[in-house]
Amino acid sequence: MTGSSPPLHFIRLQDLTDRQIEDILDLSERMKRGASRAELATHTIGLLFFRGSLRTRTSLVAAVHHLGGHTVNLTAASDFWELEAQDGTIMDGAAPEHIRDAAAVMSKYVSALAIRPKQAGQSWTMDRKDMNIQAWAAHSQVPVINMESCLWHPLQALADLLTLRESLGNLGGNKLAIVWTRSPQPSSPSVVHSILHGALRSGMNVSIAHPPGYELDESVLDAAQTSAAERGVELETGLSMEDAAEGAHVVYARSWHSLETYGNPTLAASQLARAGTWTIDEAVMARGEQAGLMHPMPVRRNLEVTDEVLDGPRSLILAQAENRLHTQKGLLSLLLRP
Amino acid sequence: MTGSSPPLHFIRLQDLTDRQIEDILDLSERMKRGASRAELATHTIGLLFFRGSLRTRTSLVAAVHHLGGHTVNLTAASDFWELEAQDGTIMDGAAPEHIRDAAAVMSKYVSALAIRPKQAGQSWTMDRKDMNIQAWAAHSQVPVINMESCLWHPLQALADLLTLRESLGNLGGNKLAIVWTRSPQPSSPSVVHSILHGALRSGMNVSIAHPPGYELDESVLDAAQTSAAERGVELETGLSMEDAAEGAHVVYARSWHSLETYGNPTLAASQLARAGTWTIDEAVMARGEQAGLMHPMPVRRNLEVTDEVLDGPRSLILAQAENRLHTQKGLLSLLLRP
Amino acid sequence: MTGSSPPLHFIRLQDLTDRQIEDILDLSERMKRGASRAELATHTIGLLFFRGSLRTRTSLVAAVHHLGGHTVNLTAASDFWELEAQDGTIMDGAAPEHIRDAAAVMSKYVSALAIRPKQAGQSWTMDRKDMNIQAWAAHSQVPVINMESCLWHPLQALADLLTLRESLGNLGGNKLAIVWTRSPQPSSPSVVHSILHGALRSGMNVSIAHPPGYELDESVLDAAQTSAAERGVELETGLSMEDAAEGAHVVYARSWHSLETYGNPTLAASQLARAGTWTIDEAVMARGEQAGLMHPMPVRRNLEVTDEVLDGPRSLILAQAENRLHTQKGLLSLLLRP
Numbered sequence: 354m355t356g357s358s359p360p361l362h363f364i365r366l367q368d369l370t371d372r373q374i375e376d377i378l379d380l381s382e383r384m385k386r387g388a389s390r391a392e393l394a395t396h397t398i399g400l401l402f403f404r405g406s407l408r409t410r411t412s413l414v415a416a417v418h419h420l421g422g423h424t425v426n427l428t429a430a431s432d433f434w435e436l437e438a439q440d441g442t443i444m445d446g447a448a449p450e451h452i453r454d455a456a457a458v459m460s461k462y463v464s465a466l467a468i469r470p471k472q473a474g475q476s477w478t479m480d481r482k483d484m485n486i487q488a489w490a491a492h493s494q495v496p497v498i499n500m501e502s503c504l505w506h507p508l509q510a511l512a513d514l515l516t517l518r519e520s521l522g523n524l525g526g527n528k529l530a531i532v533w534t535r536s537p538q539p540s541s542p543s544v545v546h547s548i549l550h551g552a553l554r555s556g557m558n559v560s561i562a563h564p565p566g567y568e569l570d571e572s573v574l575d576a577a578q579t580s581a582a583e584r585g586v587e588l589e590t591g592l593s594m595e596d597a598a599e600g601a602h603v604v605y606a607r608s609w610h611s612l613e614t615y616g617n618p619t620l621a622a623s624q625l626a627r628a629g630t631w632t633i634d635e636a637v638m639a640r641g642e643q644a645g646l647m648h649p650m651p652v653r654r655n656l657e658v659t660d661e662v663l664d665g666p667r668s669l670i671l672a673q674a675e676n677r678l679h680t681q682k683g684l685l686s687l688l689l690r691p
Numbered sequence: 354m355t356g357s358s359p360p361l362h363f364i365r366l367q368d369l370t371d372r373q374i375e376d377i378l379d380l381s382e383r384m385k386r387g388a389s390r391a392e393l394a395t396h397t398i399g400l401l402f403f404r405g406s407l408r409t410r411t412s413l414v415a416a417v418h419h420l421g422g423h424t425v426n427l428t429a430a431s432d433f434w435e436l437e438a439q440d441g442t443i444m445d446g447a448a449p450e451h452i453r454d455a456a457a458v459m460s461k462y463v464s465a466l467a468i469r470p471k472q473a474g475q476s477w478t479m480d481r482k483d484m485n486i487q488a489w490a491a492h493s494q495v496p497v498i499n500m501e502s503c504l505w506h507p508l509q510a511l512a513d514l515l516t517l518r519e520s521l522g523n524l525g526g527n528k529l530a531i532v533w534t535r536s537p538q539p540s541s542p543s544v545v546h547s548i549l550h551g552a553l554r555s556g557m558n559v560s561i562a563h564p565p566g567y568e569l570d571e572s573v574l575d576a577a578q579t580s581a582a583e584r585g586v587e588l589e590t591g592l593s594m595e596d597a598a599e600g601a602h603v604v605y606a607r608s609w610h611s612l613e614t615y616g617n618p619t620l621a622a623s624q625l626a627r628a629g630t631w632t633i634d635e636a637v638m639a640r641g642e643q644a645g646l647m648h649p650m651p652v653r654r655n656l657e658v659t660d661e662v663l664d665g666p667r668s669l670i671l672a673q674a675e676n677r678l679h680t681q682k683g684l685l686s687l688l689l690r691p
Numbered sequence: 354m355t356g357s358s359p360p361l362h363f364i365r366l367q368d369l370t371d372r373q374i375e376d377i378l379d380l381s382e383r384m385k386r387g388a389s390r391a392e393l394a395t396h397t398i399g400l401l402f403f404r405g406s407l408r409t410r411t412s413l414v415a416a417v418h419h420l421g422g423h424t425v426n427l428t429a430a431s432d433f434w435e436l437e438a439q440d441g442t443i444m445d446g447a448a449p450e451h452i453r454d455a456a457a458v459m460s461k462y463v464s465a466l467a468i469r470p471k472q473a474g475q476s477w478t479m480d481r482k483d484m485n486i487q488a489w490a491a492h493s494q495v496p497v498i499n500m501e502s503c504l505w506h507p508l509q510a511l512a513d514l515l516t517l518r519e520s521l522g523n524l525g526g527n528k529l530a531i532v533w534t535r536s537p538q539p540s541s542p543s544v545v546h547s548i549l550h551g552a553l554r555s556g557m558n559v560s561i562a563h564p565p566g567y568e569l570d571e572s573v574l575d576a577a578q579t580s581a582a583e584r585g586v587e588l589e590t591g592l593s594m595e596d597a598a599e600g601a602h603v604v605y606a607r608s609w610h611s612l613e614t615y616g617n618p619t620l621a622a623s624q625l626a627r628a629g630t631w632t633i634d635e636a637v638m639a640r641g642e643q644a645g646l647m648h649p650m651p652v653r654r655n656l657e658v659t660d661e662v663l664d665g666p667r668s669l670i671l672a673q674a675e676n677r678l679h680t681q682k683g684l685l686s687l688l689l690r691p
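Protein chains in written order, with this note's numbering: chain B, 354 to 691; chain U, 354 to 691; chain C, 354 to 691.
The shape of chain B in the complex, shown without the other chains (with noise of 0.2 Å):
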């Protein structure tokens, strides 16, 4: 299973070039209008859950099954243990093994590892490192797909660029609203690097709404303003959810926590607490240019956006759900061609 040239991993969407986006997006869209392909009989991929999935785990189990292949999935604490992820430590305490030794052994065993890492949630400046999946890269001889990482979640992007493609045609010149939600338990960011990214590269205009204190991570925004830049597209962040909104073709709504009360669950109430109510409501809608509406799911109904705008003729939430899969087929199509 193991090649002469090191394998493509999948951490971050910019692992890929402009060409092989398209080309994923390409492929997702013949093969969600039923084109099949069996190139992975006889592959199994490992699926390793360090955190809880439903979406992301039935989806791309469902993918390598279309394509011919298996899966073989397994979730820390109820089926195996604590994994090293510094080099040169003497091993005396909980885990029982380091990440290299796991990995370059689960490399001679299956095709591709997809790995859903855990966030220590004690400091920030430690957990955007994306250490554990760094380290799976690092051992692995075959490629490393990111289920979603503290810093990433590749995977929701490319469904979601399929679905804004879908929706928009041309992406260019279009504009995308990000806005943040309320939620008692607030994601990671993850999922809003991704597509502001994916969406300042596609060349769309993009604004973002959060409460103070929520801003996104330094470096993924310097290098988001230097993307729009070199695009000659609009980036504007820190806004009202009314005003971001004002324009848009897509609104994205999605939760995140503060970076800067994170960790501290106290100070992180508190300031939960003062942003107030951010629930995404026909009112809200109204200021976009007939603009659908997305969120990559778990969704709190009523609380992050209301049940008339999700359950509405311009929710995109399920196409997105659904793209999922196609994407999902595509990239494995790509990473594993032999």
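Some clues are possibly wrong.
Since the list gives no way to pick out one identical chain from another, each pair is judged satisfied if it fits inside one copy or across any two copies.
The calculated SDA-like cross-link candidates involving lysine to any residue, where the alpha carbons are at most 25 Å apart (straight line), are [unchecked claim]:
id	residue 1	residue 2
1	385	457
2	385	521
3	471	404
4	471	435
5	385	395
6	482	538
7	471	569
8	482	621
9	471	405
10	471	666
11	482	370
12	471	487
13	471	572
14	471	519
15	385	623
16	482	369
17	471	556
18	385	494
19	385	492
20	471	538
21	482	520
Calculated directly from the structure, the hints in this document are not laboratory data.
We have chain B; now place chains U and C onto it with these hints.
Chains U and C only, in chain B's frame:
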């Protein structure tokens, strides 16, 4: 994966016509004798477990494999999260996702959804509504298969009907004795509800034995009385073990909890203590007409039924278990026929 | 799925003849070079885990897939319930099901059952009987495969024998040094019991190093002495690390717990403290004849073996791990040959 007409769900035996049940049993018998059909090739069936399962899980997975398909198995708690079942609520509690969204999304990835819901265990009035699986059925665009809800276990009933047919030939006019047995962890009456309904529909006379306070669900029993009257067969309830077994052709053993003390462990324990010993032994079996012994398992040996009976020549328990595999293949063929 | 003759189980290496082991290793080598056989098409193999597993689970699942078959993976606790192993008991305790019933039922659904039993950890006299896996074998109508019991790990031994053969050619007359290593969570001696037995049967001389009190199981050691005498090879035990490695062609590292203090964590901890440092480094390896380093993993780096040795040119650990896949394909082909 979505059709134009609503999908055929299998929540209760009543969801199928007499003709459909006959077709499934006929097909199951042919498959048991070796007829094979690869009609599920490239199909994935989703199995969601909100409670543990050994027989149902393994037999359903094997049935799908025999038909050429794949499964994805999801265990709540270890694999994913709590789901909201109430419509219109503001979702600011523990559940980050609504069943309506989970069901709609999963429908995009799989060809059928098999669900084993949890029972809340607080109130029978509430639990008997089977709200969770009904919500899955309402929002899924693919067939939903009940892997045992509070009220019904139709997969077990299909296997039981095939076992009865193999043992007795034509079921009409034969007598089935359903006998309550003692267990420190009684089950839901779901299995008994389903086989009671199935036996009456097949023209069997049915007698039911249980201690005072262990009556079956009132509405299920009313419907059973109506069904018996329509078919001109006898239904007797509340008998002693010996009276129920008198002249029976099959004795069906099963422990179930009292619906009177449901949700109150203290009262339930003292009621169970008053119930005394209910163990099926050779003396009970001798009341029947060379009666076979059925039990859906898991069975507590020498507490519910003696080793002598379970391992004796009239025991049908392994045939029942094996027929889970064959009847599920028949059912899947019917539900997923192109 | 039931045959007329009893199924061939694989609980210990001793369950196979020398000729069968040769056949498996030959077939494994051909499969490693790419020979493929779809002999498990439509077959399902059941994997039951009562303890965690990464390598064994993934390599066995992948082996089944490569042969065209499917698996169903069951994890105790999250997926199902406690099983009773004692015969004749009145089952009014925690376990709702007897292994004899679970094994008989599972036999109806799958073509083989692979089991990783739990060790109770109270008494070696009790645990060394391997009662659980023996009960599965006694009541299963399909082959039972041991995925590591208290006493044996024959799947690891098959992979180890192939690795030794690849490294040394004919094993006869070569010397294997088995060296105890230090770990805060020692393993069962199962791996060492199995490779000790396999190496002697292959005509290797074996030396064993360990601190006082870490002797292997007495009956296993007696049988090993008999085996050595029959084949005219040498077996030395209780050596220092350096003496065992002297002139060895392969050093096999593994931590195992003391059977003297088994079931008594306090005594076990002070015994482990007295054992001192046992870390295999280049100085130990230099005692051998360009000796290879083997370890079944998981390995605690720089505590059991130094990074330098593990990542050096004489390390065979990844070959061992990869050979798990190939030898399991060979074994499944033998066990399930029509």
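Under the constraints set out in the numbered hints, which ones does this structure not fulfil?
Violated: hints 10, 14, 15, 17, 21.
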